[in-house]
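Asks: So you can see what is in the structure, the chains are spelled out below.
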Amino acid sequence: MDFNIITPVTVKELLGTMKKFQKKKFRFGAGCTDLLMELKRNPEENLTVINLSRVKDPLFTGIKKSAAGFRFGAMLTAHKIMVNEEIRNNFKVLHEAAESLASTQIRQVATVGGNVCTASPSGDMACALVALEADCEILGITGKKGMVPITGFFTGVRKTVLKKNELLCGIFVPAKNKKSKNIYSGFVKIGTRQSMECSVVSLAYHIQADAGGKIIHAGVAIGSSAPTIRFAEDAAHYLVGKKFENISVNERKEFAARVLTYATPIDDLRATAWYRKEVLFNISKAIFENDAKNSR
Amino acid sequence: MRERMKKVKSVQYPQHEISFILNGKKVSCKTKGSAVLLDVIRDVFELKGTKPGCHEGECGACTVLVDNVPVNSCLFLAVNADGKNILTVEGLLHADGTLDPVQESLVQNGAVQCGFCSSGMAMSLKALVHQYENAHPVAGEIKKGIPSRDEIKKHLEGNLCRCTGYVKILDAAEKLFLNNE
Ligand SMILES: Cc1cc2nc3c(=O)[nH]c(=O)nc-3n(C[C@H](O)[C@H](O)[C@H](O)COP(=O)(O)OP(=O)(O)OC[C@H]3O[C@@H](n4cnc5c(N)ncnc54)[C@H](O)[C@@H]3O)c2cc1C
Ligand code: FES
Ligand code: FES
Chain A
110 MDFNIITPVT VKELLGTMKK FQKKKFRFGA GCTDLLMELK RNPEENLTVI NLSRVKDPLF
170 TGIKKSAAGF RFGAMLTAHK IMVNEEIRNN FKVLHEAAES LASTQIRQVA TVGGNVCTAS
230 PSGDMACALV ALEADCEILG ITGKKGMVPI TGFFTGVRKT VLKKNELLCG IFVPAKNKKS
290 KNIYSGFVKI GTRQSMECSV VSLAYHIQAD AGGKIIHAGV AIGSSAPTIR FAEDAAHYLV
350 GKKFENISVN ERKEFAARVL TYATPIDDLR ATAWYRKEVL FNISKAIFEN DAKNSR
Chain B
4 MRERMKKVKS VQYPQHEISF ILNGKKVSCK TKGSAVLLDV IRDVFELKGT KPGCHEGECG
64 ACTVLVDNVP VNSCLFLAVN ADGKNILTVE GLLHADGTLD PVQESLVQNG AVQCGFCSSG
124 MAMSLKALVH QYENAHPVAG EIKKGIPSRD EIKKHLEGNL CRCTGYVKIL DAAEKLFLNN
184 E
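Line by line, the protein sequences give chains A and B.
So for the first sequence, my numbering puts the first residue at 110; every next one is plus one.
So for the second sequence, my numbering puts the first residue at 4; every next one is plus one.
Note that these hints are calculated values from the structure, not bench results.
Keep in mind that a hint or two might mislead.
Stated by the list, open to error - Calculated pairs, DMTMM-like style, for lysine to aspartate or glutamate (alpha carbon to alpha carbon, straight line, at most 20 Å):
1. B/Lys33 - A/Asp111
2. B/Lys35 - A/Glu195
3. B/Lys35 - A/Glu154
4. B/Lys157 - A/Glu208
5. B/Lys157 - B/Glu136
6. B/Lys35 - A/Glu147
7. A/Lys285 - A/Glu194
8. B/Lys146 - A/Glu195
9. A/Lys254 - A/Asp166
10. A/Lys189 - B/Glu160
11. B/Lys35 - B/Glu20
12. B/Lys35 - B/Glu61
13. A/Lys189 - B/Asp42
14. B/Lys29 - B/Glu107
15. A/Lys149 - B/Asp42
16. A/Lys165 - B/Asp85
17. A/Lys323 - A/Glu275
18. B/Lys87 - A/Asp111
19. A/Lys149 - B/Glu59
20. A/Lys272 - A/Glu246
21. A/Lys189 - B/Asp99
22. A/Lys189 - B/Asp70
23. A/Lys134 - A/Asp111
24. A/Lys253 - A/Glu208
25. B/Lys156 - A/Glu208
26. A/Lys173 - A/Glu242
27. A/Lys149 - B/Glu61
28. B/Lys146 - A/Glu194
29. A/Lys351 - A/Asp319
30. B/Lys87 - B/Asp46
31. A/Lys323 - A/Glu342
32. A/Lys121 - A/Glu275
33. B/Lys35 - A/Asp111
34. B/Lys157 - B/Asp174
35. B/Lys146 - A/Glu208
36. A/Lys288 - A/Glu275
37. A/Lys165 - B/Asp70
38. B/Lys147 - A/Glu194
39. A/Lys273 - A/Glu122
40. B/Lys35 - B/Asp46
Computed from a prediction, not measured in an experiment: that's the story for all the values here.
Pulled out of the complex, with its shape left as it was, chain A reads as follows:
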């Protein structure tokens, strides 16, 4: 594995570097935890890595809260996400996903942008962000920015809508619904070992209920169950109008069955497709028991 590396320190330098290498082969490197492993396995010739880790700009490293929601830079590490109090209090699903990612050492360098852009079906923070219906802020080579909903960001295994001359600069998570009083939010990861890249399956949910306990909005996403992380829209919709605490056993099963319609898992060395479906069904059903105590 050998490559050329360029380390811009400002956004202007970054865009300049992208322009310079426009016609050549280049990749972005954030925490490089995925990138180095990939390049070790499949070395590329004449490759330049544009190293994002020294770009000191709030566009990439800032956290900003507004009435509309929460915006954070793509270069925030899993550790920074995990220790952020606002994220812990408002978006527990993302906090738990960051906390369950890899290990203490990896969390110090692995970025949320890298987790999204690597587009692995088992990306933990990415799965939580899909349940939160986040938007991806994209920076183009001209400096122009655009927004794409994360639910439409992944196009296949390790494939995204990003073009070569674009990168992810931030993530926007919308604030909770004004009427929302109770939020049931969490990340369930089932794997052979907690600190492994590939979960057998994972489930992210962020369910908002009003003062009376009636569900007014729900986001549900599944990981390691299809070529991409899937937003289980129909399952989430099914919950709206019901009272979280009163969901019956049959309704739980119906919810889990609807989650399962989004799963097209494969047999691999970690688990069989059959096992993945069984587990997904069971953890989907179980969120109503787990989370009753954890609501805020």
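For chain A, the structure is supplied; the task is to place chain B with the ligands on it using the hints.
Replies: Positioned in the frame of chain A, the structure of chain B with the ligands alone reads:
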């Protein structure tokens, strides 16, 4: 075949000059852009205490501290060490030749068997100590009290040990904090 070899040879990427603090001393060297910190520490500075285990971020034997936080040096680009403060297991040794309390506790509690994981374990534990002490605050994240056994376990998730079964390592970590209290 010959053509292919020529092609590979023709790719000469520029070297990078990096400077950083290594175990308290300012050092500099030239490195390839693709080199990882583990190789620079072992091959350029010949500090062999940092162990190459898996080269994949799984085992933690290569753990070093970068500005007081633990990272896998096998997945950390050497160019990103430029300007940083790097601590390896060699840097734990005090000037008078005595061991760091972290090492002392591992030794006293029988937490070292073959020793391959030990330097990485010691560095991870040192990072945990930093989180709790004011002397080396980690970016405003000083915690109060002492960590629970569960917190220690979670903290050491990225350090594998083939020998000890972890119990003695957890004991050593717990005693370290109790003695420090
Ligand atoms: C031992 C080990 C355990 C792991 N465990 C987990 C786990 O439990 N859960 C999990 O989800 N992941 C896990 N991973 C995978 C990986 O650590 C994460 O996906 C991490 O978040 C990637 O972030 P990074 O900053 O290191 O990305 P990088 O490796 O720097 O980048 C990943 C990809 O995204 C691209 N990229 C990065 N940033 C941008 C950007 N801003 N714009 C455009 N493209 C970009 C890169 O070009 C590259 O293709 C593990 C990896 C290892 C080595
Ligand atoms: S050698 Fe770095 S984690 Fe195993
Ligand atoms: S003591 Fe042998 S690997 Fe831990």
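Asks: Would you mind marking each hint as holding or not holding in the structure?
Replies: Results for each hint:
no., hint, in the structure
1, B/Lys33 - A/Asp111, "15 Å, holds"
2, B/Lys35 - A/Glu195, "40 Å, violated"
3, B/Lys35 - A/Glu154, "15 Å, holds"
4, B/Lys157 - A/Glu208, "10 Å, holds"
5, B/Lys157 - B/Glu136, "19 Å, holds"
6, B/Lys35 - A/Glu147, "18 Å, holds"
7, A/Lys285 - A/Glu194, "16 Å, holds"
8, B/Lys146 - A/Glu195, "18 Å, holds"
9, A/Lys254 - A/Asp166, "15 Å, holds"
10, A/Lys189 - B/Glu160, "18 Å, holds"
11, B/Lys35 - B/Glu20, "9 Å, holds"
12, B/Lys35 - B/Glu61, "24 Å, violated"
13, A/Lys189 - B/Asp42, "27 Å, violated"
14, B/Lys29 - B/Glu107, "27 Å, violated"
15, A/Lys149 - B/Asp42, "15 Å, holds"
16, A/Lys165 - B/Asp85, "15 Å, holds"
17, A/Lys323 - A/Glu275, "41 Å, violated"
18, B/Lys87 - A/Asp111, "23 Å, violated"
19, A/Lys149 - B/Glu59, "10 Å, holds"
20, A/Lys272 - A/Glu246, "13 Å, holds"
21, A/Lys189 - B/Asp99, "37 Å, violated"
22, A/Lys189 - B/Asp70, "15 Å, holds"
23, A/Lys134 - A/Asp111, "13 Å, holds"
24, A/Lys253 - A/Glu208, "33 Å, violated"
25, B/Lys156 - A/Glu208, "13 Å, holds"
26, A/Lys173 - A/Glu242, "18 Å, holds"
27, A/Lys149 - B/Glu61, "15 Å, holds"
28, B/Lys146 - A/Glu194, "14 Å, holds"
29, A/Lys351 - A/Asp319, "11 Å, holds"
30, B/Lys87 - B/Asp46, "19 Å, holds"
31, A/Lys323 - A/Glu342, "18 Å, holds"
32, A/Lys121 - A/Glu275, "14 Å, holds"
33, B/Lys35 - A/Asp111, "8 Å, holds"
34, B/Lys157 - B/Asp174, "14 Å, holds"
35, B/Lys146 - A/Glu208, "17 Å, holds"
36, A/Lys288 - A/Glu275, "37 Å, violated"
37, A/Lys165 - B/Asp70, "17 Å, holds"
38, B/Lys147 - A/Glu194, "16 Å, holds"
39, A/Lys273 - A/Glu122, "17 Å, holds"
40, B/Lys35 - B/Asp46, "13 Å, holds"
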